[in-house]
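Chain by chain, the residues:
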Amino acid sequence: MLQEILQSLPQVLVDGLTLGAVYAVVALGYTMVYGILQLINFAHGEVFMSGAFIGTAFFILIMGMGWASAIPQFILLIIVLILTASITGLVGVGLERVAYRPLRNAPRLIPLITAIGISFILQDVVRFIAELFNGNYIVTGPSLFSEQITLKASAISSIFYDARFKTSFLIVLGVAIILMVALDYFVNKTKWGTAMRAVALDRETASLMSINVNKVISITFFIGSALGGATGVLFAVQYGTIDPYIGFILGLKAFIAAVLGGIGNIRGAMVGGMLLGLMEMFASANLSLLTGGVFGAEYKDVFAFAILILVLIFKPEGLLGKPTAEKV
Amino acid sequence: MKGKLATFFSNKQLQVILYSLFIIVTSAALYFSQKSVVSFLLLLSSLLILHFMNLKNVTKWIVALGLLFILIPFASSGGPAFQSYMEVATMVGIYISMALGLNIVVGMAGLLDLGFVAFFAVGAYSYSIFATSQASNFMPFGNFPLGGESFWGFLIVGGIMAAIAGVLIGVPVLRVKGDYLAIVTLGFGEIIRIIFNNGDRPINITNGAMGIASVTPPEIFGMTLSFPNQFYFVTLLILMFTIFAVLRMEHSKLGRSWKAVRENEIAAQAMGIPLVKTKLLAFALGASFSGIMGVVFAAKQAFIDPTSFTLMESFTILVMVVLGGMGSVPGVILGAAVVTILNLQVLTELTNWLNQLSLSGVLTIPDALSPAKMQKFIFGALLVAFALYRPKGLIPAKNKIFDVKKLKDHRPDHLNNDTKENSIPIDKVQV
Amino acid sequence: MTILEVTNITKQFGGLTANKDITMNVEEGKITAVIGPNGAGKTTFFNMITGVYQPTSGDIKLDGKSLVGLRPDEVAKKGISRTFQNIRLFGEMSVIENVLVGMHTHLKTNLIGILLNLPFTKKEEASAEKEAYRLLEYFELDHLLNEKANNLSYGAQRKLEIARALATKPKLILLDEPAAGMNPKETKELTEVIKRMGQEFNVTVLLIEHDMKLVMEISEHIVVLDHGEKIAEGNPEQIRTNPKVIEAYLGSAAVH
Ligand SMILES: Nc1ncnc2c1ncn2[C@@H]1O[C@H](COP(=O)(O)OP(=O)(O)OP(=O)(O)O)[C@@H](O)[C@H]1O
Ligand SMILES: [Mg+2]
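Protein chains in written order, with full-length UniProt numbering: chain A, 1 to 328; chain B, 1 to 431; chain C, 1 to 256.
It cannot be assumed that every hint is accurate.
Result set (SDA-like, lysine to any residue): computed pairs, CA atoms no more than 25 Å apart in a straight line [stated by the list, open to error]:
{"id": "1", "chain 1": "B", "residue 1": "Lys177", "chain 2": "C", "residue 2": "Gly91"}
{"id": "2", "chain 1": "C", "residue 1": "Lys108", "chain 2": "B", "residue 2": "Leu280"}
{"id": "3", "chain 1": "A", "residue 1": "Lys166", "chain 2": "A", "residue 2": "Lys191"}
{"id": "4", "chain 1": "B", "residue 1": "Lys398", "chain 2": "B", "residue 2": "Ile160"}
Since the hints were made in silico from the structure, they are not lab data. It should be emphasised that the depicted structure is a prediction, and the values quoted were computed from it without experimental measurement.
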C-alpha cells in the first residue's frame, strides 16, 4: 500500500500545489476581512467565481480581435489579470458599502445573512449573463498554456511514477506566489498596510489616531477581492471549464484554509491554503486505498470539513494564530 | 379622516362582517372557478388577516381550525385542480413545520444553522429505508418493507433520529464560537448529503444517488393514504402539534434560556444557564420537527434521493425564517407560506404566463431570465433587502406582555404578611 | 463566618499579570469592597471568582468548597451571582423576562411539563412571575415590566442587573461598579438599597466601586488592589489613612 501511495506522490504534489495555491490566495481575502471586521465574507467565493467569468470573457474578447493573436500569451494573461482584478476589486468595495457597512452595529447574525444573499445574487447574475451570451452557463474558455510537461520523478527514484501537468500549473503557482509576496510586503512595509494592521488590532483606537477607518476597510475589500478575482482567472486558465457555482464550495474550502492557518493571519492563510490543497489531493488519491475501498474520493469534501472541525475544537486559533480570550 | 378610518377598522362587528364576506367570496370563487389560483391564495391569506384581527385568541384559533380543516379543503374540491391545491397546501405545511424548527435554532437561540435540511433528510431516510426492502440489506432480523401502519410510529422515530443527529452534530459544533457555527453546520449538511449519496457501498443502506423508490404509503384503519388531500390532513395535524409545542416552549423557562443565550452568552451563563446543554437542546428539538416532516415527505413522495436535500433547501428554510421574522412564530409561519407558494405556484405560473406571451409573440423574454430560474436571485435579494431594511421580518417577534394585575394580586405565601412599607424600602430613602 | 476564601490567586494574560498572588476573605453578611485604580485587576478578580476566567494558580473556596475548574453556570448554581461593569442585559427581552431568566435554576419543570402545560409547571411559572414582579417593585422598576431592557435608562439598567442577579437567590453577590454612570440622586438611592439588600435577601455583598463616598459609607471591609497586587486591607478608616493607598490613587507626590 505504501508503495502505491509513494508512486502517486509526485502527481499528488503537483495537483495539490495547484489547488493549494488557489485556496491560499482566496483564503487571503477571507482572512483580511475577518481580521478587520470579524466578519465571514461569505460572498468572497462568488467574487472569485466572478473573476473566473470576467477573465474568461476578456480572453474570449481579446482573442476574438484578429490583431490580438499576435500578443504573447503571457502578456495577454497579465493584461487580463490586471483588468479582472480591478473590476472584482471594485465589486468587493461596492459589496462592503451596500451590504456590510450599514450593518456594522447590527447583531452579528445579520451581516452573515446579507453575505449569503449577496452570494446568491452574484451567482444568479453571472448565470444569467453567461446564459444570455453563451446559451449555457457552463463556459469553456480558450485553452492557454496547455503544453504538457512531464516531471520525470521516476528518474529520481524508481519508487515514483512520473507526474504530468500543463504549463498553466507553473503559471498558477508562479502568479499566486508573486501575489502573496506582494501582499505580504504591502501589509508589513507600507503606510496603508500599517493602518490596516492598526485597524485590525483595535478599530476605535486606530480611528482616534486619525486613521480613516472606512477607507482602510474599503482598501482591504479592494485588495482581498482583487486577489480573489485574479485567482478566478488563474482557475479558469488551469481548469478550463467554469460555472457560476464553482465559487461556493471553493470559497468554503478557502475559508477552512484560513481557519487552519489562523484566521486574521495573512501568512497563516497562505500556509493553510497550501496545506489544505495538498491534504485534499492526497485524500482524494488515497482515501479509497487507505480505507480498503469503503470511502472513495467522493468523500474528499467531508475530509476538508473534518479538518475544519478538528481545528476548531483542538486549536481554534489555527496553526499560526495567537489564542485570544474575550474580555468580560 | 385617519381617525375615522381607524375607528372603522377597530369596530369589531364591522370587522367580523367584512371578514366573513371575504371568506365567502374567496371560497366560492375557488369552488366554482377551479383554475383561479388567485382565489386560492386569497383564501389562504384570510388566515393572515385573522392574525391581525381584534379578536380573542381562542376565537381566532377556532376560526383558523375551521378554515384549515373544513373550508379550505372543501372549497378546493370543486374540480380537477383539487389535488394540486392540496399538494401545495401540504408542502406549505411541511415547510412551515421545518421553518418553525429552524426558528428555534436561529431565531430563538441565535445559532445560524446552514445545514438544517440534513435533519429533514434523516427523517425521510429513516422511514424510506425501513418502508422499502432497503432495510433487509443490513438488518439481521425483521421483514422488510414494513407495513403502512408503521408510518405512525416512524413519525416519532424520525423525530428522535433527527434529534439524535442534532445532538451528534451539536456536540462538536457547539463548542465552536458563534460565526464559525454557520460554516460548520453548512459542512455537516453537506457531509450528511454526501453520506446518503454514497451510502450504497460497502453495504447498500441508502441506495446512493439512485434514491429509494416505492416507499410504502401510510395506512390507517385499513385505509391507504396516497393522495395529497389525505396527506394534507396528516400534515395539518402534525403542524398543529408543532405550533402548540413551539408556543409552549417559547414562553417557558426553555424559551427564555434560548433567548438569553442569544442575547448575551456570558450573562446567561452567569445566571446559571449551561451554554452547551441549552444550545444542544435547541438543536435537538429544532431538528426533531424537521425529522418528523421528513417522514411525511418521504411517504408522500414515495420516492426520495439526495437531490431533495441540497444546500439550497437549507437556505430556502433560512429565507423563510428571516423573511417572516427571526424568533417570531406567526412571522415564520407567514414566511414559510410565502416562500413555498412563491416557489411552487407563483414562479411556475409566471413562467408559464411569460412563455405564453413569447409564444404569441407579444414580447420575448430570454429563457435565461425565466422566473423559475431566478429563484436564487429572488432569495438573495429578499435576504439582503430584509437584513438591511427590515431585519425583524414581516411580523417582528414580540415579547409576551405580562398583566400587572395578575402579578400583584396574589403574593407568594411567605410574602403575604409583608406590609408595603417593608417591601419597598426605597420609598423611605428618596427623601 | 467566612463565606468566600481566596488564597494566592494569580492570573496571567500572556506576559501581563492581571492578578498577582491575592489572598483575601469575605465574611458572611458583611459588605466587602474591592477598590483600586483603573486596570488594577478588580474585574479580573471577579471573573476568576465567577468562573469566567480560570486562575493561573491559587484557590477560591465558597463555604469551604473549591470553585476552581467550574464553569460560570456551575458557579452560579453554587450560589454566586454577579453584575457586569459593561452592562450585559438581555436587551431584546422585557424587563420582567430578564429577572425570570435569573430564576432559571430554581424552576424545576421539564420538557414534558412544558409541552403539556402540566399544573405543576403552570403553578411554578406563575409564582416565579410574581416573585420577579416583587423584585422589580423593590428596585422601583415595576412600571417598566413589559419594556425592552435595551430601552431603559442607564441607571435603570444597572438596577435591573442587580435585580436579575438577586433572582438567582445567591449567597454571595458580586457588583462590578454598580454606581458607574449614575447621577448623584440615583447613587444615593442605590447606596441605601445595597445596604439593606444584604439583610432582606440574606446575601453577602462584594462590590467594586470607584465612587469613594459610596464605598466608605457602606463597606465594612475594603481590599485595595494596585497593578494586580493587594496593597492594603482593612476597615474604611484604616484604608482612608493608609499611605500606600493614597500613593496608589494619587501618585507618590501626594504622600510627601
Ligand atoms: N481577557 C483579557 N486578555 C488580556 N488582558 C486582559 C483581559 N482581561 C483583562 N486584561 C487586562 O488585565 C488588566 C486588569 O484589567 P481589569 O479589567 O481587571 O481592571 P479593573 O481593575 O477592573 O479596571 P477598571 O477600573 O478600569 O475596570 C488590564 O491591563 C486589562 O487590559
Ligand atoms: Mg473593571
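Here's how the hints hold up against the structure:
At most 25 Å may separate the alpha-carbon atoms for a hinted pair to count; Lys177(B) and Gly91(C) meet this at roughly 21 Å. Distance hint between Lys108(C) and Leu280(B) is fulfilled; the C-alpha atoms sit about 19 Å from each other, no more than 25 Å. At most 25 Å may separate the alpha-carbon atoms for a hinted pair to count; Lys166(A) and Lys191(A) exceed this at roughly 39 Å. Taking the CA atoms of Lys398(B) and Ile160(B), the gap is about 30 Å. The hint is violated against a cut of 25 Å.
When held up to the earlier numbered hints, the structure conflicts with 3 and 4 and fits the remainder.
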